[in-house]
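Chain by chain, the residues:
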Amino acid sequence: MDFFKRHFLVPLIAVLGLIAIAYLGVAANLQFVFGVVIPYLAVLIFFEGLIYRAISWARSPVPFKIPSTCAQVKSLPWIKRDLADKLDNPENKWWAMGRMALEILAFRSLFRNTRTTLLRHQEKPEDSRLIHWSYKWLWLGALAFHYAFLIVILRHIRFFTQPVPHWVTALAEVDGFVQFYIPTVYITGVLMVVALLYLLARRIYTPTLRYISLAADYFPLLLIISIGITGILMRYFYKVDIAAVKQLAVGLATLKPVVPAGIGSIFYVHLFLVCVLFAYFPFSKLMHAPGVFFSPTRNLPGDNRWNLHVNPWNYPVKFHDYMHQEDEYREAMIEAGLPVEKEK
Amino acid sequence: MEHNGNYKNEFGWFADKPKVPRKLFHAKAVVGGLLIFLVLVTAPLWRNLGKVVPAPDPKLNTQAILALPEKDRVCVEDTAFMKANHMRLLVDWRDEVVRNGNRDYINSKGKRHLASLSNNCMECHSNKSQFCDQCHNYVAVAPNCWGCHWEKEKKQVAQTEAK
Chain A
1 MDFFKRHFLV
11 PLIAVLGLIA
21 IAYLGVAANL
31 QFVFGVVIPY
41 LAVLIFFEGL
51 IYRAISWARS
61 PVPFKIPSTC
71 AQVKSLPWIK
81 RDLADKLDNP
91 ENKWWAMGRM
101 ALEILAFRSL
111 FRNTRTTLLR
121 HQEKPEDSRL
131 IHWSYKWLWL
141 GALAFHYAFL
151 IVILRHIRFF
161 TQPVPHWVTA
171 LAEVDGFVQF
181 YIPTVYITGV
191 LMVVALLYLL
201 ARRIYTPTLR
211 YISLAADYFP
221 LLLIISIGIT
231 GILMRYFYKV
241 DIAAVKQLAV
251 GLATLKPVVP
261 AGIGSIFYVH
271 LFLVCVLFAY
281 FPFSKLMHAP
291 GVFFSPTRNL
301 PGDNRWNLHV
311 NPWNYPVKFH
321 DYMHQEDEYR
331 EAMIEAGLPV
341 EKEK
Chain B
345 MEHNGNYKNE
355 FGWFADKPKV
365 PRKLFHAKAV
375 VGGLLIFLVL
385 VTAPLWRNLG
395 KVVPAPDPKL
405 NTQAILALPE
415 KDRVCVEDTA
425 FMKANHMRLL
435 VDWRDEVVRN
445 GNRDYINSKG
455 KRHLASLSNN
465 CMECHSNKSQ
475 FCDQCHNYVA
485 VAPNCWGCHW
495 EKEKKQVAQT
505 EAK
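These protein sequences, in sequence, are chains A and B.
Per our numbering, residue 1 is the first one in the first sequence, and the count goes up by one each step.
Per our numbering, residue 345 is the first one in the second sequence, and the count goes up by one each step.
Bound conformation, chain A alone (with noise of 0.2 Å):
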């Protein structure tokens, strides 16, 4: 098997097996361990996997001061700087908030992301030209993913909640404007599968993505397709008791957990799917999330020129200065005639 094929076919072989387990384990009538069991557990290993990983971030020292400047740094008075420049090369703590701000909310330099191309000139091979140009798609699909998947999630807080807090009931609403079908189709859960088929093709199309494409990369998308997918099965197609499926989630919340007989087995499926990624999450690339607060090529503001970083792990050097090296050979470099700062 060539690189692709064993980096992108394991993870979907992975995949489709979870999807057997839950969908055999149900059919062993182990509704308890995929309904209540294995959620505990998988919550569990993401807080504590996501904590232990937060605070053995925060507990390694950042030697050097190294903030990204993208933009005109602070300086004379007389050089201009826009808000776009105060914001990508932050002059103090406040800025590098904002910065981390847009950077998190709007995915600022993804946004800022370019395409080299060479622009091959038919006639006169001499003229053509290696173009920057900025490169969108990317953004875009990420943006649409990133939110639509925050607003699928936050709608699923109808299943956890009793009595349902009134935004949530807001947020479905807004996102089934549409009125099309029955149940209304959500918007966020179409765009949200749409947008990670587009990251997965992004990845399996450009020759240089998939070439640097791992297992790792392709796995949570597929998994989250996946996670995509059952769910709009289950809501449009093949139907279960959503009542009994609340009852469950109502349960596991309220740590009282009850298993209603009567869910069907796609329910299972796409349960134990989101307890994979929860579980998953701590060990993998999705720790961007957590990691993008950490990043100090963001969250340090750009004010090397006047504020010394010391680096936390300094201590004392033993210099070897020219005093010293004098006192050493002073004796020989007199006799050699060479001048000497101090004579004895």
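Errors might be hidden in some of the hints.
[Said to hold, decoys possible] So the derived list for chain B, only partly shown, Cβ under 10 Å to chain A, looks like this:
(1) His370
(2) Asn481
(3) Ala484
Derived from the structure by calculation, the hints contain no laboratory data.
This one's a predicted model, so the numbers in the text were calculated from it and none came from an experiment.
By construction, the Cβ of each residue, glycine as well, lies at the ideal position given by its N, Cα and C atoms.
With chain A's structure known, arrange chain B on it following the hints.
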């Protein structure tokens, strides 16, 4: 000077391995951020924590149902199907009635039923607040059936249909 091991070449010993301080850097921001995250994620669940939330309890004790003999107390399809699929069934009925004028519904057992929410479903299930609303409120769905079909306006619907 302790040399930590083996870092030596022809110019002498290498510097000591740096002693990285064992401390939580930016403790306030990190712990605060994690706490905010935990609070935000768990906040919707505090209200009912440890309480038993009563399951929905749709009542089947209307006069029309009780008047039926025991063996005839069945819906147009079986209960499990109706629980999961009644919304789809009702929309299919609506489309058949509105577009084709067909009020006949032949169920999976081959029995004919009148395809009408007001004049068939709600004849038995006339207790909307104790039957329909039980699960609808529980899972927070607001079906738009009730814009027209609701016992108070039953006459009005019947009049419209008569025209």
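A quick look at each hint next to the structure:
1. His370: Hint on B/His370: holds, closest Cβ of chain A at ~6 Å, below 10 Å.
2. Asn481: holds, 8 Å
3. Ala484: holds, 4 Å
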